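J.: Residues per chain, in single letters:
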Amino acid sequence: MDTVKQRQVQNQELEEVSVRFCGDSGDGMQLVGTQFTNASAIFGNDVSTFPDFPAEIRAPAGTLAGVSGFQINFSSHDIHTPGDRVNALIAMNPAALKTNVKDVETGGIVIVNEDAFDKSDLQKAGYAVNPLDDGSLSKYQLYRVPIEKLNADALKDIAGEIGAKSVGRCKNFFALGIAAWLYNRPLQPTLDWINGKFGSKPTIADANTRALKAGYYYGETAELFPTRYKVAKAKLTPGKYRKITGNEALALGLVTAADLAQTPLLYASYPITPASDILHMLSGYKNYGIKTFQAEDEIAAVTAAIGASFAGVIGVTGTSGPGMALKTEALGLAVMTELPLVCVDVQRGGPSTGLPTKTEQADLLQAVVGRNGECPLCVIAARSPGDCFDMAIWAVRIATRFMVPVILLTDGYIGNGAEPWILPDPSKFEKIKINHPEKAENGDFHAYARDEFLARPWAVPGTKGLEHRIGGLEKENITGHISYDPQNHQFMIDLRAQKVANIAKILPPLEVDGPQSGDLLVLGWGGTYGSIYSAAERARAMGYNISNAHLQFMNPFPSNLGDVLKKFKKVLIPELNSGQLRKLIRAEFLIDAIGFNKVQGKPFLIAELLEKIIQHSEKR
Amino acid sequence: MHTDGSLPVLTAKDFTTDQDVRWCPGCGDYSILAQVKKVLPTLGIPREKFVFVSGIGCSSRFPYYVETYGVHSIHGRAPAVATGIKAARPDLSVWVATGDGDGLSIGGNHLIHAIRRNVDMKILLFNNRIYGLTKGQYSPTSELGKKTKSSPFGTVDLPLNPITLSIGAEATFIARTLDADPKHMEYVIRRAAEHKGAAFMEIYQNCNVFNDGAFEYATVKDMRPDTTLYLEHGKPMIFGKNRDKGIRLNGLSPEIVQLGNGITEDDLLFHDEKMEEPTLAMMLARMRHPEFPEPMGVFRAVSHPTFDDLLTKQVDAATAKLGRGRLADLYDDGETWTVE
Numbered sequence: 001m002d003t004v005k006q007r008q009v010q011n012q013e014l015e016e017v018s019v020r021f022c023g024d025s026g027d028g029m030q031l032v033g034t035q036f037t038n039a040s041a042i043f044g045n046d047v048s049t050f051p052d053f054p055a056e057i058r059a060p061a062g063t064l065a066g067v068s069g070f071q072i073n074f075s076s077h078d079i080h081t082p083g084d085r086v087n088a089l090i091a092m093n094p095a096a097l098k099t100n101v102k103d104v105e106t107g108g109i110v111i112v113n114e115d116a117f118d119k120s121d122l123q124k125a126g127y128a129v130n131p132l133d134d135g136s137l138s139k140y141q142l143y144r145v146p147i148e149k150l151n152a153d154a155l156k157d158i159a160g161e162i163g164a165k166s167v168g169r170c171k172n173f174f175a176l177g178i179a180a181w182l183y184n185r186p187l188q189p190t191l192d193w194i195n196g197k198f199g200s201k202p203t204i205a206d207a208n209t210r211a212l213k214a215g216y217y218y219g220e221t222a223e224l225f226p227t228r229y230k231v232a233k234a235k236l237t238p239g240k241y242r243k244i245t246g247n248e249a250l251a252l253g254l255v256t257a258a259d260l261a262q263t264p265l266l267y268a269s270y271p272i273t274p275a276s277d278i279l280h281m282l283s284g285y286k287n288y289g290i291k292t293f294q295a296e297d298e299i300a301a302v303t304a305a306i307g308a309s310f311a312g313v314i315g316v317t318g319t320s321g322p323g324m325a326l327k328t329e330a331l332g333l334a335v336m337t338e339l340p341l342v343c344v345d346v347q348r349g350g351p352s353t354g355l356p357t358k359t360e361q362a363d364l365l366q367a368v369v370g371r372n373g374e375c376p377l378c379v380i381a382a383r384s385p386g387d388c389f390d391m392a393i394w395a396v397r398i399a400t401r402f403m404v405p406v407i408l409l410t411d412g413y414i415g416n417g418a419e420p421w422i423l424p425d426p427s428k429f430e431k432i433k434i435n436h437p438e439k440a441e442n443g444d445f446h447a448y449a450r451d452e453f454l455a456r457p458w459a460v461p462g463t464k465g466l467e468h469r470i471g472g473l474e475k476e477n478i479t480g481h482i483s484y485d486p487q488n489h490q491f492m493i494d495l496r497a498q499k500v501a502n503i504a505k506i507l508p509p510l511e512v513d514g515p516q517s518g519d520l521l522v523l524g525w526g527g528t529y530g531s532i533y534s535a536a537e538r539a540r541a542m543g544y545n546i547s548n549a550h551l552q553f554m555n556p557f558p559s560n561l562g563d564v565l566k567k568f569k570k571v572l573i574p575e576l577n578s579g580q581l582r583k584l585i586r587a588e589f590l591i592d593a594i595g596f597n598k599v600q601g602k603p604f605l606i607a608e609l610l611e612k613i614i615q616h617s618e619k620r
Numbered sequence: 001m002h003t004d005g006s007l008p009v010l011t012a013k014d015f016t017t018d019q020d021v022r023w024c025p026g027c028g029d030y031s032i033l034a035q036v037k038k039v040l041p042t043l044g045i046p047r048e049k050f051v052f053v054s055g056i057g058c059s060s061r062f063p064y065y066v067e068t069y070g071v072h073s074i075h076g077r078a079p080a081v082a083t084g085i086k087a088a089r090p091d092l093s094v095w096v097a098t099g100d101g102d103g104l105s106i107g108g109n110h111l112i113h114a115i116r117r118n119v120d121m122k123i124l125l126f127n128n129r130i131y132g133l134t135k136g137q138y139s140p141t142s143e144l145g146k147k148t149k150s151s152p153f154g155t156v157d158l159p160l161n162p163i164t165l166s167i168g169a170e171a172t173f174i175a176r177t178l179d180a181d182p183k184h185m186e187y188v189i190r191r192a193a194e195h196k197g198a199a200f201m202e203i204y205q206n207c208n209v210f211n212d213g214a215f216e217y218a219t220v221k222d223m224r225p226d227t228t229l230y231l232e233h234g235k236p237m238i239f240g241k242n243r244d245k246g247i248r249l250n251g252l253s254p255e256i257v258q259l260g261n262g263i264t265e266d267d268l269l270f271h272d273e274k275m276e277e278p279t280l281a282m283m284l285a286r287m288r289h290p291e292f293p294e295p296m297g298v299f300r301a302v303s304h305p306t307f308d309d310l311l312t313k314q315v316d317a318a319t320a321k322l323g324r325g326r327l328a329d330l331y332d333d334g335e336t337w338t339v340e
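Those protein sequences? They're chains U and V, same order as listed.
Be aware that the first sequence starts at 1, since it is given in the working numbering, and climbs by one per residue.
Be aware that the second sequence starts at 1, since it is given in the working numbering, and climbs by one per residue.
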């Protein structure tokens with residue numbers, strides 16, 4: 001019997017999918033990645049993203065150096081990382097394919113823009129033979145799509161009006177359309193975005209809309225893909241959500257802290273990757289009592305922030321590793337003058353200029369001990385994009401309560417990475433109490449008098465009768481006068497250390513996931529939380545009786561840390577450095593912690609952590 | 001405040017701290033301190049509104065000796081600290097005490113940028129052409145060939161001219177004075193205090209320990225009339241013991257002329273501190289001893305918007321336009337979705 005040959009597309013339900021868009025820096029991959037993320041978040045999935053772009057703004061087109069990628073993980077359950085392995089790769093040119101295909105799972109989907117695989121682009125990517133033809137991609141489901149040609153066809157009616165260049169620019173939306181069909185993503189959020197963005201240029205809006213829809217319908221009609229995937233909504237805490245990057249969350253946290261303290265905030269910064277977004281955002285919040293100052297250099301930024309703090313506002317500076325190195329001496333001044341100061345370090349690959357757009361956790365020791373003299377200050381670290389909001393508030397709370405500089409460590413991974421964020425209720429936050437004395441007790445004002453935490457008073461210029469001078473020379477306790485007295489120096493060294501140690505009294509205790517005691521504790525800090533937590537959960541699900549804990553307070557440590565560590569036979573410390581927390585833990589607690597260290601400018605994969613955990617644990 | 005609402009009359013004594021002044025006996029810094037303390041009580045600004053900021057060096061001990069708010073910061077950074085203070089609190093009167101090493105060497109960048117932003121601060125640059133606190137190395141203003149502890153065979157670097165530097169940075173107020181002429185210094189400090197914007201003062205200051213007599217030509221009373229030119233706005237440029245010499249323009253260069261024999265005051269250059277075009281100020285700044293008398297007084301005093309004013313206005317305008325921001329609106333920005 002003859003039957004009409006009709007290919008039936010299978011529908012398959014998945015729990016979690018990781019998609020990566022990659023292409024030339026000019027191909028708009030960050031944009032379509034963001035749009036895919038928004039559509040997924042609005043649909044109701046949990047999402048986690050990882051933008052990965054080159055340090056060069058526009059490296060020569062088609063070269064390996066110019067490849068820009070954006071990975072998004074979306075799921076029907078709670079996720080904490082952008083995903084280890086890529087399930088579907090969309091590569092816009094040979095260079096993008098070459099640099100990214102190794103991250104695709106075996107059997108995974110690889111969609112290539114076939115039109116870009118000409119002799120010249122293959123050569124630029126270092127391919128001697130076309131990888132689409134030589135069988136080297138046989139372990140993947142390879143889909144060759146002439147994206148440029150199809151996009152041009154879809155837009156041919158308006159090509160005369162907008163020009164060939166503008167037509168070519170829409171090809172990323174065609175690619176997005178294919179991915180949207182393949183994973184059942186709603187188009188509406190992207191269509192809304194296009195109309196908002198290009199409202200004043202209706203032909204461009206029309207062109208992008210056509211490209212997006214053409215890509216989507218191509219998926220449907222070309223019968224290229226045997227399977228179409230669905231990822232159900234995640235069960236998230238009810239509430240109103242937005243997507244947030246760590247840098248955005250940090251900026252919002254600082255604004256919130258200023259509001260909670262009812263004190264203006266000055267953010268002084270010098271542009272540096274990957275911290276500049278914080279400056280960009282805060283500079284738009286003038287009506288929230290935020291002033292920004294783009295300083296002439298990193299040193300001017302931190303010293304202006306110190307000046308602002310002296311003047312009675314919340315002084316904040318932000319930077320990345322190289323800038324931190326430049327701010328070192330000034331941080332010492334803030335320690336000596338005992339002024340509140342927040343210094344944000346969005347860590348990147350080092351040393352020196354290092355890997356500006358890649359992530360690393362190698363500034364921990366610089367933050368904790370990297371200054372001349374005995375120079376203790378508070379160091380805290382955010383563990384996820386959303387956590388940057390909470391930690392920014394903590395930073396201001398600690399700095400103003402203890403009259404001490406606070407270094408807030410984040411990193412390029414959580415700074416640029418995004419996740420859904422439930423809009424908080426500002427009325428639920430605890431206020432930040434600021435106390436500027438208005439007159440001297442018993443006649444004489446003492447700039448270095450002490451309260452129960454050893455904090456000194458924050459008297460501000462303009463207050464009659466409290467005129468005083470502070471500076472970098474050693475101070476006599478209570479009076480604040482210059483003192484070269486040996487015993488006073490020892491006393492003040494000890495006092496400053498004790499003051500920082502006192503911060504632990506207001507910190508929450510370290511919490512342990514999994515058994516509260518046992519054979520193995522995986523101890524992490526900062527931006528690796530998502531990978532470590534996910535790996536630990538998987539290990540427990542596999543029957544390994546292991547525990548994990550994550551530090552956000554690096555100096556001082558939470559007061560129960562020593563007790564927690566003693567309850568485990570082994571402590572494994574994964575870090576994106578050569579063992580900096582391990583060094584601190586060994587020194588402080590005399591525990592022979594084991595390191596798992598990776599310094600490749602990339603976050604941990606869950607799989608490699610899991611392997612390490614299994615290696616160090618016994619199945620029960 | 002008095003019952004009639006007027007400010008209490010303060011004197012220099014009210015600006016004296018309980019700290020012993022630790023400069024070397026005979027140091028030019030004493031004179032500067034005395035003149036500043038003389039001017040401050042007369043400005044109509046409450047004492048608690050003054051902030052003195054300094055870096056590192058002999059000059060930078062200054063804040064400890066003035067009974068106001070003060071920050072003795074780190075080497076070279078005083079203009080940046082002061083910028084932060086002024087950005088945060090435009091209501092304060094912010095003063096910077098710095099030296100030729102602190103302000104022109106390690107802190108040159110901050111000095112340039114504080115000046116070009118026209119931050120409303122008064123900058124006292126004590127120029128003694130030597131590093132004093134580190135005991136006698138050459139500074140960026142030391143003469144070429146100068147023998148010091150770190151240049152036993154003489155320096156091989158050309159010096160910097162603080163006034164031309166400040167012109168390059170578009171300073172709105174530039175003046176020079178000297179420790180040996182307290183009356184003139186008082187005048188210059190008062191003028192600077194009254195200027196709105198970055199007011200840059202170069203003060204010739206004698207380091208009697210490591211560079212004694214660096215400005216002897218200008219400080220010794222008998223020599224001074226012939227080696228200096230006291231600038232007065234709108235007046236011809238006349239100098240000399242007998243007030244018989246003047247500065248005339250010859251092409252694009254200044255020249256010294258003897259008054260008389262047909263040359264009258266009208267042939268001379270007339271000083272105009274309010275010229276937008278800084279050419280005259282630049283020409284005056286480049287007149288150096290011994291070829292020329294060195295100008296003292298106000299080189300330039302023009303009115304430009306200040307950084308702190310512009311910043312305040314921007315904040316006010318944004319608040320007027322958008323209303324005082326509410327946190328709930330801050331969070332609820334861009335695309336949102338609701339999970340039931």
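Just so you know, the hints here were simulated from the structure itself, not pulled from any lab data.
All values derive from a computational prediction rather than experimental measurement.
Cβ coordinates follow ideal geometry from the N, Cα and C atoms, glycine included.
Some hints could be false.
Claimed, not checked - Covered stretches of chain U, as calculated for chain V (at least 3 residues, CB under 8 Å):
#1 257 to 268
#2 287 to 293
#3 311 to 318
#4 541 to 554
J.: Give a verdict on every hint.
T.: So, going through the hints one by one against the coordinates:
With 4 residues having a beta carbon nearer than 8 Å to a beta carbon of chain V, the segment 257 to 268 of chain U meets the requirement of three or more and the stated coverage holds. Only when three residues or more bring their CB closer than 8 Å to a CB of chain V does the claim for the segment 287 to 293 of chain U stand; here the count is 5, and the claim holds. Proximity of the segment 311 to 318 of chain U to chain V, defined as three or more residues with a beta carbon under 8 Å from a beta carbon of that chain, is established by the 4 residues found. For the segment 541 to 554 of chain U, the assignment as covered by chain V is violated, since 0 residues bring a beta-carbon within under 8 Å of that chain's beta-carbons and 3 are needed.
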